[in-house]
Amino acid sequence: MSTDLLATAETEWRLPSPRKVGLTLVILTESSLFTIFVVAYLFYLGKSLNGPYPWEVLEFPWLGSFFLFSSSGTVVVAEHRLKKGDKAGFELWWLITALLGLGFLIYTGAEWQHLIYHDGLTLSTNLFGSTFYSLVGLHASHVVVGLLLLTLILVASVTGNIQPRHHEHIEMISWYWHFVDGIWAVVVTVVYIIGMQH
Amino acid sequence: MRALIPRCWLLRERSVGKSCRTSIVLNHLYTRYSLATRGSGRGWLLVGFTVATFVGFLSSAPVAQAQDSTIRAVQNIFNPLSAPAETLYSVSILVMVVCAVIFLIVGGLLTYAIIRYRRRGPEDDHEEPPQVYGSAAIELAWTVPPILIVVMLVLVTARTIGEIEHHQMPAAAEEIRIIGHRFWWEVRYPKHDVVTANEIHVPLSSRTNRVPTEMVLESADVIHGFWVPQLNGKTMLVPNYRNTMWIEPYATGIYLGNCTVLCGQQHANMLIRVIVDTPDVYQKWLETQKAKPVSDPQTEEGRKQFVASSCGTCHTIQGTPGANGVFAPDLTHFASRATLGSGVAPNDEQNLRSWLKDPQTLKPGCLMPDMQLSDNQVNAILAYLRTLK
Amino acid sequence: MADPATLKEIGTELRPAPPGHEHGSLTAWIQDLIFTVDHKKLGFLYLGAGWMFFVLGGILALGIRTQIAVPNNHFMDAEAFNQAFTMHGTTMIFFFAMLMVFGLANYIVPLQIGARDMAFPRLNAFSFWATFFGGIFLFLSYIFGPGLYGMGAAPDASWFALAPLTSRAFSPGNNIDFWSLGLLVSGVGSITGGVNVMVTIFCYRTRGMTLYRMPLFTWLVLVTMFLVVMFMPPLSAAQIMLVLERFFGAKFFEAQAGGSPVLWQHFFWIFGHPEVYILVLPAFGVISEVVPVFSRKPIFGYPMMVAATVMIGFISAGVWAHHMFTIGMDSFSVTFFAFATFVIAIPTGIKIFNWLGTMFGGKIRFEIPMLFAIAFLFQFLIAGLTGIMLGCAPFDWQLNDSYFVIAHFHYVIVGGIVFGVFSGFYYWYPKATGRMLNKRLGLWNFWIFTIGFHLTFDPQHFLGILGMPRRIYTYQEGRGWEFFNMISTIGAFVQAVGAILFIVNMIYSARKGQVAGDDPWDAWTLEWMTSSPPPEYNFEQLPEVRSRRPLWDLKHPEDPDWKFE
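Chains as they are written, first to last, in the working numbering: chain A, 1 to 198; chain B, 199 to 587; chain C, 588 to 1152.
The set of hints was computed from the structure by calculation and includes no laboratory data. All of these numbers come straight from a predicted model, not from anything done at the bench. Beta carbons: idealized from backbone N, C-alpha and C, even for Gly. You may find that some hints are simply not true.
Claimed, not checked - Pair ranges (Cβ atoms, derived):
#, chain 1, residue 1, chain 2, residue 2, range
1, B, 327, A, 12, 33 to 39 Å
2, B, 310, C, 1097, 53 to 59 Å
3, A, 124, C, 1077, 20 to 26 Å
4, C, 1077, B, 341, 58 to 64 Å
5, B, 485, C, 920, 26 to 32 Å
6, A, 31, B, 307, 40 to 46 Å
Work out the full structure: start from the sequences and follow the hints.
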């Protein structure tokens, strides 16, 4: 029955890669999730009934942003190395990326510690505290996931389980990492640049 | 609980003036009718009766001196008795007519297609019908009318929204602040320094002498909704927000309504009674509410018990030291109200006794706890409360 | 995907079964259901779980209707009633209708696009089990919550759980926690499921199946899943906030800290309105398959149908605040959202016209799926028109939160979605089981359910007009509500009989039904090309398509569709 149909093979049949489509959709759905937290933060700016207020306690995260944004560059270099078959180079740059991510997390941890113990700002202090920690924390949890993925790949690569033909898998992880970076750009703008004026 | 509430007490008359005899007769007919009739048109017939009751009242009442106790229990949105409700009604009718026409046309076409193009026996299976894939012309043709209808509806809607929301209040307008609590309504008259609860008195308006009432709606705890269909649409009472709506009733009587937003266990018994009075009656009512309650020496014991039993922690009675709570209805003129517990039962001795013994009997889940009062305490407080006219 | 030849070998391979796994043993069957990653078995699991929740939600509905059948009734107390309608709404939306959507999508979509399975089969199993356990968790609240009156602590703040009623101050028990955590878990399942279905549709279509040749059911599922992916997260985000608020003292919606209860409503309805389309679009999809097949004509205006669907998907993102007309919005916002609501009627209208156009000039066969489809068309027409009435903001100020709204959305959800689901079941049951559903039982099911439906929900329109608000557990006599409530309750029980007949039919026909054959309806899409039930690998050889109706091309080589498309 189906042979009739097969006989009329006409053109080449190409479909997009499931990994790429899937990850794009994951990024879409995550963006939607972040949007709600961003909206909540913006909506409640200047509406907290008691301090501390953003302008009192926030400091622009130069170092953290530097770590995270530069890691987006190093992950591209690593990916490029793998495509060229330079496994050692890949592992080096991949390691640097992971360390930069870790640096970001340490920076955020220090920032939170200061906010909690020095400024007395916790999740339950006021509207600002709730929206700040939930948005920044949601982002940080994505960095944690990204870091786990990076480590996993590094271990797999060191043990010889990553080959140049896996470059699409690696590319997907770098997409995710870029997304985490992009979200940070939004968070920095909203939480710090806009937020610090309130 | 059933035994405590007589059947259909909503439609019972409270204070019967001579002038409202006709309306009573009609009301009784109406009650009986509403219990006896069976038929899908009953709702509309009820409306007819409501109107008849109203007309009967008007014809028999030259100038009402007493409060009109017609109870407008059936709140049909298509029988508006207030200016904004009438505006909503007219746009509603327009939209309904448009929808009905669409239904007749599309439903008719569907029915036609089903009958005309049905399979007519097995011989129909030999050949497939002509395979038609679509037609740009036809599809365009049936896209245009919906667009035109939408444009029309949007314009009408926008106009009505403006009419209701940007309504200018005349200087004579009455102003009421209504604060929703679980599960009762706090009612304040800032112009007159009057505070009451659950039964909202407003002045009668007319098309020639307009006396609208502006309502400021706020909430003390969760979201509530204020809805008396014959007076206006509903508006939510949201904590931290200040909503307003206005009514301009054209007929006296007692309008029943409900809280429309789930606010907890007793949401269903958070009932509204809006009492529309003629200006004279309204003024008289305001005077009595402003007056200090008469302290009858005979009920002094009840007054003491009221304070001693901590009732005053939540309830206020003006002029009574130790009774200035704000969590529960103001009881200064409690005996002048027709109902208990936000409309859950008539305010008579039997119900009040039950309420004082344990409020959870009449209104299970309400926030007034069982105060474990002894019979003597109940009797004393009951006697005291009954004097707070 | 591997090439067809190897797959065929795997399918026909004979392996000795280990002990306890012999074919036909109960343990083997259960193990198979638990560990399966096959899209058809997962489809069955989704649908079976969905009907289980339907029965639970239905029992709650009967309880609700019994309580308010007469005034001052004491069948349930206030708390039990609040729990009943909250659980009824939550169950029917998230654990019946959603599971039907995913079940049908899981079973039918890979078959319709000529794929061997979903893109990520293990993720598929994860999605199902997350959703399923979310629902089970929700119902465990009836047992494990430390509730009053021995009723457990089921959620009791209605299915849209308005803040601040859900805060610790006003809901001190664990009721709301069961609600938010259960839906959070099932939400994750829905989102991953949505991604999976979309990837399958984009990346696993068979040779020649361009987007422009996809069956309409698949198209509608695609748009649905896009809505799932985009608009489930707002609900999850709002619920994360609620959980943070209840467990960690965060302040999001708490009025005393300056928070806005209105924000919760925005977040909820940004999800809530697209959710309506998430549920109804697959039902549209079923109708778009059934109407052409039983009218013996291709769908009228395929490109318009697709365009209208995509339009509905987009516009549905911009109408959410019409659920909030009574919140005290400024007149500009009210006008805007009323406008957007009217606009969405245009593509919906186009769809109804196109179904009508398909029936015109056809030879309509009144099989059971078509009967449900015709009832769907009438009922959805009415639902749409009452929707326009509600979209007109001034009218909505009267009708919002009244029984008119209840009647309206039950017309959409029961009259539309459930009828669509019934139609789909009668249509695809032969494919999935190899046997036809019994026609006589089917006719009884159709008529009793339809009559019950109208008895239940038609009077509720009048209740709303007479000022009856929703969610009240009791009312006093004399408000003019007694008669309509009584009719409505009677109707609910009639409907229950209809639904039971359906379930009886499904069980009875699985064993005793007439053997269907591969293509009992003489239909045109790819799922009818393979055997009934389809083998594990779906198609012996992946077919190639050249038009929207590949089986028409096969059956009518002298007049194939691809000459005209």
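We went through each hint and held it up to the structure:
no. : hint                         : in the structure
1   : 327(B) x 12(A): 33 to 39 Å   : 37 Å, holds
2   : 310(B) x 1097(C): 53 to 59 Å : 38 Å, violated
3   : 124(A) x 1077(C): 20 to 26 Å : 51 Å, violated
4   : 1077(C) x 341(B): 58 to 64 Å : 42 Å, violated
5   : 485(B) x 920(C): 26 to 32 Å  : 43 Å, violated
6   : 31(A) x 307(B): 40 to 46 Å   : 43 Å, holds
The structure shown violates the earlier hints numbered 2, 3, 4, 5.
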